[in-house]
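Q: In case you want the letters, here they are:
Protein chains: 2
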Amino acid sequence: MIIEGAWRGVAVVYANPMGLSTAERIENELRSKEVPTILLQYADTDLERLWECVDCIVFVMAVSGAVRTVCRFAKGKEVDPPVLVVDDSGKYVVPVLGAHWGANSAAREVAEILGATAVITTAAEEFGYSSVEDIAKLAVAKILNLRAAVKVNGAIVRGERVCVDVPGLPREALRGNFDFSGDQCEYRIRVSDEESDDPNTVYLKFLNVSLGVGAKEETTADVVEEGLTHVLARLGLSWSRVTKLSSIRRVVSEVAEKFGVPFMLFTTEQLESVDWTCLTPPPVS
Amino acid sequence: MIIEGAWRGVAVVYANPMGLSTAERIENELRSKEVPTILLQYADTDLERLWECVDCIVFVMAVSGAVRTVCRFAKGKEVDPPVLVVDDSGKYVVPVLGAHWGANSAAREVAEILGATAVITTAAEEFGYSSVEDIAKLAVAKILNLRAAVKVNGAIVRGERVCVDVPGLPREALRGNFDFSGDQCEYRIRVSDEESDDPNTVYLKFLNVSLGVGAKEETTADVVEEGLTHVLARLGLSWSRVTKLSSIRRVVSEVAEKFGVPFMLFTTEQLESVDWTCLTPPPVS
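Residue numbers (UniProt numbering), protein chains in the order written: chain A, 1 to 285; chain B, 1 to 285.
Next up, chain A with everything else stripped away, as it sits in the complex (with noise of 0.2 Å):
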């Protein structure tokens, strides 16, 4: 599931009472995944920092309304979260922003929570294929060469295999033509610090993981590691893609040995004191 790698969060924003229970339908199924999400009020809300601090946007209101909003803050494929909108009813369910960048299958998995219909408007051969960018998503990943990544997706969508060599990626969830055995392949997707300048490689960078851990003083270390390694799992991680653990909690010390990743103790005036836009936005601005 794409969205349950929605680690910085969903926000469901409904525009008036008549989307309320709709919102909180998601809502509660988001969160039942585990999924931290937060439900908002359109007039309450501070869009532009939303816009920037969560992983996906699902809008309650009506397309025409919320694509003026969309226009607003829209800035370019790369940087933009996607964008869902379900009408009041829950009827539908429109990936408006980010079709190929998590909102069609985010749209899937949302309407299928509710019962609705996935409104996919991408073209409907490109939509039984896993992506280059779910590829990334699914990889904890960046793309480093977006141009590759259009030919390759093209490829994916004809049915051509593509060689690709990104590890630890759950290979279940991929849906076409991959061999994942070698690099005999006219099209590849495989892990890189650097693009080279193979216009048919797509290179993925894999992008740090650093895990925060707040936990009540009598935790103790095998309920942190418990914890870590179920939130781990639920990204498809595993433990050496963390590059960093931190803590107010000196016992979050010992997982971090166990599995040697480096460790950083934090005091609570140093966590009070960071200053940042996207730090659990409070639901009214």
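For the record, the hints were derived by calculation from the structure and aren't laboratory data.
Fair warning: there could be bad hints in the mix.
Below, in silico cross-link-like pairs of lysine to any residue (SDA-like), each with a Cα-Cα straight-line distance of 20 Å or less [as the list claims (entries may be wrong)]:
hint, chain 1, residue 1, chain 2, residue 2
1, B, K91, A, R108
2, A, K91, B, T122
3, B, K77, A, C71
4, A, K77, B, F73
Once you have looked at the hints, place chain B on chain A.
A: Chain B in isolation, oriented as in the chain A frame:
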């Protein structure tokens, strides 16, 4: 049919060859309904001019792609044309701009043509009724006070009785609790040249209807009269609404005289010297 009143025309814009046959189906069916329709490929299109010059734009492409385009041109509710998006395969028709300004109705009509689903995402209870904007379109009139329109639309949706005093309106096309026999309602829609200060009354100002007639040299007055009467019937207008007839053919003056409409005779040179951006947009920029 709202879309039949699109006398300035409908532009069908397809993005790639996969959408061409769907775009052509829409074009052919609209033309068969005598709606002036042009078919254009996205890449060749002067969208900025289309935006100003047509009564409806139908994009055949993905919603998320169309939204980026819409964002470049949208200016405001009162000035933007209704915009629909149809996916390449012609499965969905989504009103993405101007839902209440004709896009919902137009989407339903295009969906009927294609055997597609009209993805109406405004509140379901709104959609069953004719909005003030629909009524203004049917009357070929302009809404003078938008604020009252919001209130009266609310009353229509709630099923409250609304008094309508708009001569020549095709009553059978209206859905709602409308009273055509008087003005003893809390909410009213009426024709006026100026807005008064009643906040519960929508004032519609009739637009001037000026008809320019092109004809072959040998065309008779009877044929001109028949053609004009046919067009006026399609627009739901009586001869009394026509404020001017003009042509380079003197024979048209006979029809003007018969119906008591002022006539203007132009020369070919005068016509050719007209410089206005919206004169029949050529399909390629």
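Q: A separate judgement is required for each hint: does it hold in the structure or not?
A: Comparing the hints with the structure gives:
1. K91/B x R108/A: holds (16 Å)
2. K91/A x T122/B: holds (11 Å)
3. K77/B x C71/A: Holds - the C-alpha atoms of C71/A and K77/B are around 13 Å apart, at most 20 Å.
4. K77/A x F73/B: holds (18 Å)
Checked against the numbered hints above, the structure violates none of them.
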